[in-house]
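For chain A, the structure is supplied; the task is to place chain L on it using the hints.
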Amino acid sequence: DQQVKQNSPSLSVQEGRISILNCDYTNSMFDYFLWYKKYPAEGPTFLISISSIKDKNEDGRFTVFLNKSAKHLSLHIVPSQPGDSAVYFCAARGSGTYKYIFGTGTRLKVLA
Amino acid sequence: NAGVTQTPKFQVLKTGQSMTLQCAQDMNHNSMYWYRQDPGMGLRLIYYSASEGTTDKGEVPNGYNVSRLNKREFSLRLESAAPSQTSVYFCASREGASNQPQHFGDGTRLSIL
Chain A
2 DQQVKQNSPS
12 LSVQEGRISI
22 LNCDYTNSMF
32 DYFLWYKKYP
42 AEGPTFLISI
52 SSIKDKNEDG
62 RFTVFLNKSA
72 KHLSLHIVPS
82 QPGDSAVYFC
92 AARGSGTYKY
102 IFGTGTRLKV
112 LA
Chain L
205 NAGVTQTPKF
215 QVLKTGQSMT
225 LQCAQDMNHN
235 SMYWYRQDPG
245 MGLRLIYYSA
255 SEGTTDKGEV
265 PNGYNVSRLN
275 KREFSLRLES
285 AAPSQTSVYF
295 CASREGASNQ
305 PQHFGDGTRL
315 SIL
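In order, the protein sequences belong to chains A and L.
The first sequence begins at 2 in the numbering used here and counts up one residue at a time.
The second sequence begins at 205 in the numbering used here and counts up one residue at a time.
There's no promise every hint is true.
Below, a list of computed lysine-lysine pairs in the DSBU-like style, where the Cα atoms sit at most 30 Å apart [claimed, not checked]: (1) L:K261 <-> A:K100; (2) A:K72 <-> L:K261; (3) L:K213 <-> A:K72; (4) A:K55 <-> A:K6; (5) A:K69 <-> A:K110.
These aren't lab readings, by the way, just hints derived from the structure by calculation.
Extracted from the complex, chain A is given alone in its bound form (with noise of 0.2 Å):
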């Protein structure tokens, strides 16, 4: 059972424009989320996270967005830069634990 999904495994987008890229978890106990932005051959790095106490938080051109309700986060990269193209992964942490549960992953391709 997939505790974190990403529904969409592909995303394009021009140059300059916003991206959105969506997750679902179902556990109501996670309490932390991050994003991750993986390139071809190297591991997964850090990109932004969020607590459960917050519904937004920004870095630079990045903001992740929680809603507890839904049970849904979003990322939002503004402007979409064509170094931004990579796979990005969300993951969700529950209250107490070190376990990271892990999205299945999204490929962003930002058309120059």
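Positioned in the frame of chain A, the structure of chain L alone reads:
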């Protein structure tokens, strides 16, 4: 700035052979993790170590063993490799503080024939 170092980067094994994947971090992190990544499956947690001297099972521990050798090193062992264990393996580490992200190595690509 080594961060998390995994060795080897690539390995091909025959069914039934054994293999240890090595992971070392130089960030003085308390927690360490092993994941496998398969197409369409994302990253799945195999084992983790919350601190030196402790290890716990993740989502997919069957067929694997781990050793937290010291604070820096966390190894993953396949005692009798099976084709279903063909995957890319990632090691990660994290500070002990509550809301901190994991830092990943660049992975070991393992093929079992």
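Hints versus structure:
1. The hinted pair formed by K261 of chain L and K100 of chain A meets the criterion: a straight-line CA distance of about 10 Å does not exceed 30 Å.
2. For a cut-off of 30 Å, the pair hint linking K72 of chain A to K261 of chain L stands: about 26 Å separates their Cα positions.
3. Distance restraint check for K213 of chain L and K72 of chain A: the Cα-Cα separation of roughly 37 Å exceeds the 30 Å cut-off, and the hinted pair is therefore not satisfied.
4. Only pairs whose Cα atoms come within 30 Å are accepted, and K55 of chain A paired with K6 of chain A is accepted, the gap being roughly 21 Å.
5. Restraint check for K69 of chain A and K110 of chain A: satisfied, since their Cα atoms lie roughly 28 Å apart, inside the 30 Å limit.
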